[in-house]
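Colleague: The lines below spell out each chain.
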Amino acid sequence: MINLTINGKKITAPEGSTILEAARANGIDIPTLCYDKAVEIYGACGLCVVEAEGIPKLLRSCSAKVMEGMVVNTESERVVQSRKIAMELLMSAHDGDCVAPCQLNCPAHTDCQGYVGMIANGEFDSALKIIKNNIPLPASIGRVCPHPCEKACRRKNVEEPINIAQLKAFAADVDLNGDSYVPECKEPTGKKVAVIGAGPAGLSAAYYLTVMGHSVTVYDMMDKAGGMLRYGIPQYRLPKEVLDKEISIIEKTGVKFVYNSKLGRDFTIESLKAENDAVIVAVGAWKSSSMRTPGEELDGVYGGIDFLRGVIKGNAPDIGEKVAICGGGNTAMDACRTAVRLGAKEVYVVYRRTRNEMPADKLEIDEAEEEGVIYKFLTNPLSFNGENGKVKSITLQVMELGEPDASGRRRPVPVEGKTEEIAVDSVILAIGQKLVQGDVSELKLNERGNIEADPDFFNTSIDGVFAIGDATNRGASIAIEAIGEADRCARAVDAYLNGQAFDTRVPYISKRDESTIDYSDREKQSRITPKVLPADVRNKSFDEVSLGFTEDEAKAEASRCLECGCREYYKCKLLNVAQRYDIDPDRFKGEMPQKYTRDENAFIERNPAKCILCGLCVRSCREVMDIHALGLMGRGFKTEPSPAFALPLDQTKCNNCGLCVQLCPTGALTERSSLKKQVPLDENCTEEFVEIGGKKARVLVSRYNGKVLRVIPGDEVSRNAGLSREELFGLIKD
Amino acid sequence: MRIVIGQGSCGIAAGAEKVRAALADAGVAENVSITGCIGMCWLEPIVDVYDGDALTRLVRVSESDAPAIAEFVKTGDKSAVEGLVVSDEDSEFLTKQTRIALRNCGVINPEKIEEYMEKDGYSALKKALAMSPEEVIEIIKTSGLAGRGGAGFPTWFKWNAARQSAGDEKYLICNADEGDPGAFMDRAVIESDPHNLIEGMLIGAYAIGAKHAVVYVRAEYPLAIKRLKNALAQAKEKGIIGDNIFGSGFSCDFMIKAGAGAFVCGEETALIESLEGHRGMPRLKPPFPAQSGFWRKPSNINNVETFANVAWIINNGGEAFAAMGTEGSKGTKVFAVTGKVKRSGLVEIPMGKTLRDVIFDIGGGMKTDKPFKAVQMGGPSGGCIPAELIDTVIDYKALGATGAIMGSGGMVVMDESTCMVGMAKFFLDFTAKESCGKCIHCRIGTKRMLEMLDRITKGEGKDGDVELLEELCYSIKDGALCGLGQTAPNPVLTTIKYFRNEYEAHIKDKKCPAGECSDLIEYKIIADKCRGCTLCARNCPVNAISGTVKNPHVIDTEKCIKCGKCYQSCKFGAIVKE
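In order, the protein sequences belong to chains C and L.
Be aware that the first sequence starts at 45, since it is given in the numbering used here, and climbs by one per residue.
Be aware that the second sequence starts at 2, since it is given in the numbering used here, and climbs by one per residue.
No lab work stands behind these hints, which were simulated from the structure alone.
For each residue, glycine too, the CB sits at the ideal point set by N, CA and C.
Any given hint could turn out to be false.
Unchecked claim - Residues of chain C clear of chain L, computed beta-carbon distances all greater than 10 Å: (1) Val83; (2) Ala130; (3) Asp223; (4) Lys236; (5) Thr297; (6) Asn320; (7) Pro361; (8) Asn432; (9) Asp449; (10) Ser505; (11) Arg556; (12) Tyr563; (13) Gln623; (14) Glu635; (15) Ser717; (16) Asn749.
As the list claims (entries may be wrong) - To give an idea of the interface, some chain C residues facing chain L are shown, with a C-beta separation under 8 Å as derived from the structure: (17) Gly87; (18) Gly90; (19) Arg104; (20) Ser107; (21) Ile129; (22) Gly634; (23) Leu657; (24) Leu676; (25) Thr683.
Whole structure, please, built from the sequences with the hints as guidance.
Modeller: Below, the structure is given as structure tokens:
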């Protein structure tokens, strides 16, 4: 035995063993990408380098043998720098998306590609579970979300983005109409958390913390939960029955609710804090913003959300026949379409820019117009004019578009001396909403008048009190934003309750340069949108406008997904090493060595753009299988593993043993799963033994949600048995 | 009188074959024989006329000179060739050298073993075979001979390691995969004195106990391969290779392997992979070839020039070799001097001389009136040495201290018109293309460096680029798997070290001080100096120059492709490059 020291730890190792073997045998992890026991030592990746006292060069620990008295450091500054640069270089030439752009653009980081893919496969149950990892209210959110995911969806570069939001609503509806999924909660921790506000933020935080095993009570001033989803979104867009069902599932996880209980009136933050281990303030923004236009105080001028809440609670104000809504966002759309349904004859939307600049969803804008709404673009209220204290008309300043402003939209500027007047019976101001400050007087507010909460940890001016959602920092935003905050906040609170540090670092992931992506080989397929009620029917009723996807429509729409995110994301060794060091590959941004392609056969997908040239595929095919189906082609930066003369794999002696795929440390080689649409999934991989030709053989099985997705030969017997994938599948039970 | 024509590849390229044919036509065919490379590249084709031992060297000979030469040979009347005789000054190029490795080059006929034997050929082998292998290694140790391929590792040490390795099957390999741009000393040795190589290799094989010798020579050297094959056949016929050589009981066979043209195959482990029929990619060391090399057997690999010294050392003693040179670097070294130097060619001088001796004393200084700027030593793996270090001594350590290396002996001389960023880019482009693609640092690192250098020379450099280049350079040196990658940053590091201001000028001022980077220069006509001769306008390939006769002309910078034709053609210095 040889005595040596690694990272200050005295160890012994058999003579002839390598430093890497000695380190690993003693629980010291040295990263490698090109090393595998199955094949000969290669030394390409250089990640296993270590420093040894008295040796000027860095040693590749995969090949350097242990020596008596050796003093090795596997994490010295020089070693880390070498690995860091190696990874930066490697990732600068790795053309792939770890995660799809839809997921990255979702404020709640929902795995859109995952659930869309599972819907395409008809696996609605799996789809719903994927959604519920990030959204506790998917049927509601699927209906109301302005879907930032779809803005990032690359399918738009082919024709139109995937209808991600409505697919989510579809999967959630299937679940609500069947045996609804209720997640299992962890062992009770004995910790108590109070949440103030039962809107999307509060509900979500309560759900996540309950699943984590904490005891959570939600306090709300209204008589039902849902917050703005209930009192701000009209019935025709989100039927309250759907919301009720979703809230009842949250209740089933164990969340307790206290209704009609208002902060400042019935309890204080301090009083809750005294009874709980942590408090989350998610009170929302319930006050309509003012336009500071003369005449706002007149009778018949309403705040947008006040108006909507009145209608929902059954005490709609008398708005008369002529109604003007000021604003261009989704609240303005909700207000004007509600006004139409209340029977108003002339409904105007006054907006100072044009249709193109409207922040509201395009579908909403179109549907409102179909229902009879009249747009007054490029106008801005100068004054609301009244008679006997009641609004009678609006004087509108005519505008034109000037130079773009900070938001990139062209700034509206008044056309000197040009005004217009419209007669109205009522006006609804839908230009935004604010926090009711008096309610949260215990907390420090920022210069915008919102609760100041740390953007990473969500803690406020009071220890143990956290704040999220519309009431905080930059003010009101969309529901999915609040849900994303709730998710992160729940983890921060969990860490706080356990006395642990909360890691806010965003781990590195690889992203493709959008400008380099070629879509020319994609076949055009139109976006499918669920049918809606005819305009002349829906404008008289509060019935839900969208009829939702049919199963076939949903599958067809979901099948359009381009599958941007990598299938190997959950088990990528490359990503694992990349995230271990604080890397910035953009420092070395440059040409990519290989074209992004998808060379697919029945089992294997090959994408040389993701290859890191560890050589494991080439070497295992040669050294273990003696098949030589793959070799290295090209030189230098353009080197790639390929069959000889760049022939397709099926013109080689490849016997589909799958060893190369198994050893590939990243997504350059992937084995197709039994699913029709391939989906990146956090699969459960196990090693199982079967009998092949009377011999015991090892196979590697991966399952998801109980379903067998892959069966790969795992030893010499199974690799050389010559069984097809179907035959291998036949040996394994679901 | 005998006529000897220099028939190395360079002589042939300059027209030696045509001269030979013309001489035959002129009726002196029976007097003509050939020799290899004389080493005076700038004077090719060269015809040596011997009257007994008296030599008349005729240079820059063309076919039309054949009748005059024939006349001289027939009549002895030198006046017929007076204009062709080499100048005394140019002759100094050879007389100032000390030739050991090149001792027979340009002297004997490389296709005739007899001429080699006349120069004591194969006497060293006989001598060595009479000694024990250990005694041979001891002589080499005394000589201080170090590997001439670049790394400068003591030859005796490698021989001894291979000798000590267990096993009967051992290989002696000659690395003739000379790949550095601008280096051609190994080719010259094989083309001009192949038996010297064979003799050195046989002595080496005997010393380490190898029964098989292999010459790995690049396929781009067809003449070298032809002459080596011819020499091997002759040696075999004489019983010098094969079984029981000179009755000593020592047997050794030879094999030639033509490499397919990858620079990395000059790296010893990649060379072995290639020999075995695999893709030329380096293996991890350890194990070293002395333990596990060709076919996993103990193998010793030396460069051509190293072997070319061996026979001389055995004949003259290790002490005689060690008497030349410095404390740490013994014997002589051959340099291939090229670039902006007046006399370019092969220079063999004792270690311990200075760069000034090579470039100015022997090389004759600069070709143009522009001052000497720097010399690139050791090809793409080496570095540049600036004018202020011209008195650096030729010694492994002293050259290493500058950031350059001795290398295989390439010496590219540059004057003030050479952009140092462009020079670094040139060599990096070479190494990036020649990277085998195995390790990350070399495959991607050299490519990223090249991209950065490319940006800088295009005026798209950013603040911090030089620092990032340096960071990357050190990381590549530390992390690359083989010598190719580990030394690839040297041209960049040394140009940054000595010419950082040039990098800064490209990055900050978007200017190329040497006026070489076409994206950063502009040609302009100074109206006062322009006489309106129209020559520039007529020479412009893209009609970017307008103007009428006797009136100042103007360059349309939008159209200009910066080819420099106008600049070269103007007789009045009216065109400037800025």
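Colleague: Now, for every hint given, state plainly whether the structure supports it.
Modeller: Going through the hints against the structure:
no.	hint	verdict
1	Val83	holds (13 Å)
2	Ala130	violated (5 Å)
3	Asp223	holds (51 Å)
4	Lys236	holds (52 Å)
5	Thr297	holds (48 Å)
6	Asn320	holds (51 Å)
7	Pro361	holds (61 Å)
8	Asn432	holds (69 Å)
9	Asp449	holds (30 Å)
10	Ser505	holds (40 Å)
11	Arg556	holds (17 Å)
12	Tyr563	holds (26 Å)
13	Gln623	holds (17 Å)
14	Glu635	violated (7 Å)
15	Ser717	holds (30 Å)
16	Asn749	holds (38 Å)
17	Gly87	holds (4 Å)
18	Gly90	holds (5 Å)
19	Arg104	holds (6 Å)
20	Ser107	holds (5 Å)
21	Ile129	holds (4 Å)
22	Gly634	holds (4 Å)
23	Leu657	holds (6 Å)
24	Leu676	holds (6 Å)
25	Thr683	holds (3 Å)
This entry does not satisfy hints 2 and 14, going by the numbered hints stated previously.
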